[in-house]
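> Top to bottom, those sequences are chains A and B. Each residue of the first sequence is one higher than the one before, counting from 0 in numbering that gives the first Met the number 0. Each residue of the second sequence is one higher than the one before, counting from 0 in numbering that gives the first Met the number 0.
Honestly, I wouldn't trust all of these hints.
[Said to hold, decoys possible] In silico PhoX-like pairs for lysine-lysine, Cα to Cα no more than 25 Å straight-line: (1) A:Lys-88 - B:Lys-111; (2) A:Lys-132 - B:Lys-24; (3) A:Lys-24 - A:Lys-174; (4) B:Lys-95 - A:Lys-24; (5) A:Lys-184 - B:Lys-129.
In short, the hints are calculated from the structure, not lab data.
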Amino acid sequence: MPHIALTEGLPGIRGPMVFSPETTKPLCELVELLLTGPHTLTPAEREIIATYVSSENDCYYCQHCHGSTAAQHLGGKNADYQFISEIKKNFDATSLSAKMKALLNIAGKVQKGGKHVTEADVSRARAEGATDKEIHDTVLIAAAFCMFNRYVDGLGTWQPKDPEIYREIGRQTSKLGYVGRDYKKPLEAIAGKQGETEG
Amino acid sequence: MAHIQLPEGLPGIVGPLAFSPYTAKPLLELAETLLRGPNTLTSAEREMIAAHVSYRNDCDFCQLSHSAAAAAHLLGNYDLVEQIKISPETAAVSDKLKTLLAIASKVQLGGKQVTTEDVARARQFDATDKEIHDTVLIAAAFCMYNRYVDGLATWAPSDREAYRAMGEQLAHEGYVRDRFQEGQKAAQA
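Using the sequences plus the hints, can you model the full thing?
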């Protein structure tokens, strides 16, 4: 049960988003700017940063939505989903670029607290070719997900466990982005089996 | 020294906001809506939640600027704001605000720390769903702003007087302003 009365059948952040449209507008614009659109970091790379931070914050809904969106950007095969789950476990052991590993290291520090980021962390990212904008955006993506994760978990939102729901969310978000969507509309993967996935 | 090259002389979050104006827009709109939009919680109460969370996140710039904003809404009552940051249970504020501050403290630690009991206690003192929602989102948002400010190692002025002026401006003019220009003027002064 969520801590406040939210529309039933809307998973994770979608309940609070529909509850509070006036705050949803800037929240959606922020995530759209951070994770979609032209950038020297690919949408998959930026979704990976969001996924990793959400996993470190232990937010089930956010890590699976953004993990699925990242996997879809990479092609949407089972191997892509497997790659995302390996990144969450131990990104240093994956085939990610050295620059991405250095940026994920910074994101992990931001998750613990802003002051954990050291000059050495930033120098390492620069040595791998990271620009000021990439470092800035990594810090802001990580910080923003420390907000989104707390928003989703702090209200005790409904977070279904059915992987097909997250596949659908990832497919839609990788194509449509975050703004101008109808978040009130129930997901197809939920519509058929409400009750089965409840809890 | 900040971790990236920021325009000089801009304090705290103003540097990164100027560095990245396109993300500044939704960040400032969010703060404006949360802290100054129409609400049954006063702006002073909402700024106190922001100051309390920023204090617990040990973010000097945010806690001092939002303390000053709260105090500006309270006609300069800095003593009350200091109490709210350090021991809200004993501060001279309503029981409702105390229970909301307790929820905000839990959110600061992590979303899952908020319990049904925390929320039930707030409801006992007539907190509405919207007030609970807004408290959670203000606390969550300051877990973002604080990390943004400290994660880039921005400059926080040590002069308390600088925050007093910022607080007046935040309280009375709000968050959606041309801060870059203001900062440049301040730097030249």
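> Indicate, hint by hint, whether the structure satisfies it.
These are the hints, each one checked on the structure:
1. A:Lys-88 - B:Lys-111: Status holds; Cα separation ~21 Å.
2. A:Lys-132 - B:Lys-24: Judged against 25 Å, a Cα distance of about 17 Å means the pair holds.
3. A:Lys-24 - A:Lys-174: Status holds; Cα separation ~19 Å.
4. B:Lys-95 - A:Lys-24: Violated - the C-alpha atoms of Lys-24 of chain A and Lys-95 of chain B are around 28 Å apart, more than 25 Å.
5. A:Lys-184 - B:Lys-129: Between Lys-184 of chain A and Lys-129 of chain B the Cα gap is close to 22 Å, so the pair holds against 25 Å.
Violation of the numbered hints given earlier is confined to hint 4; every other hint is satisfied by the structure.
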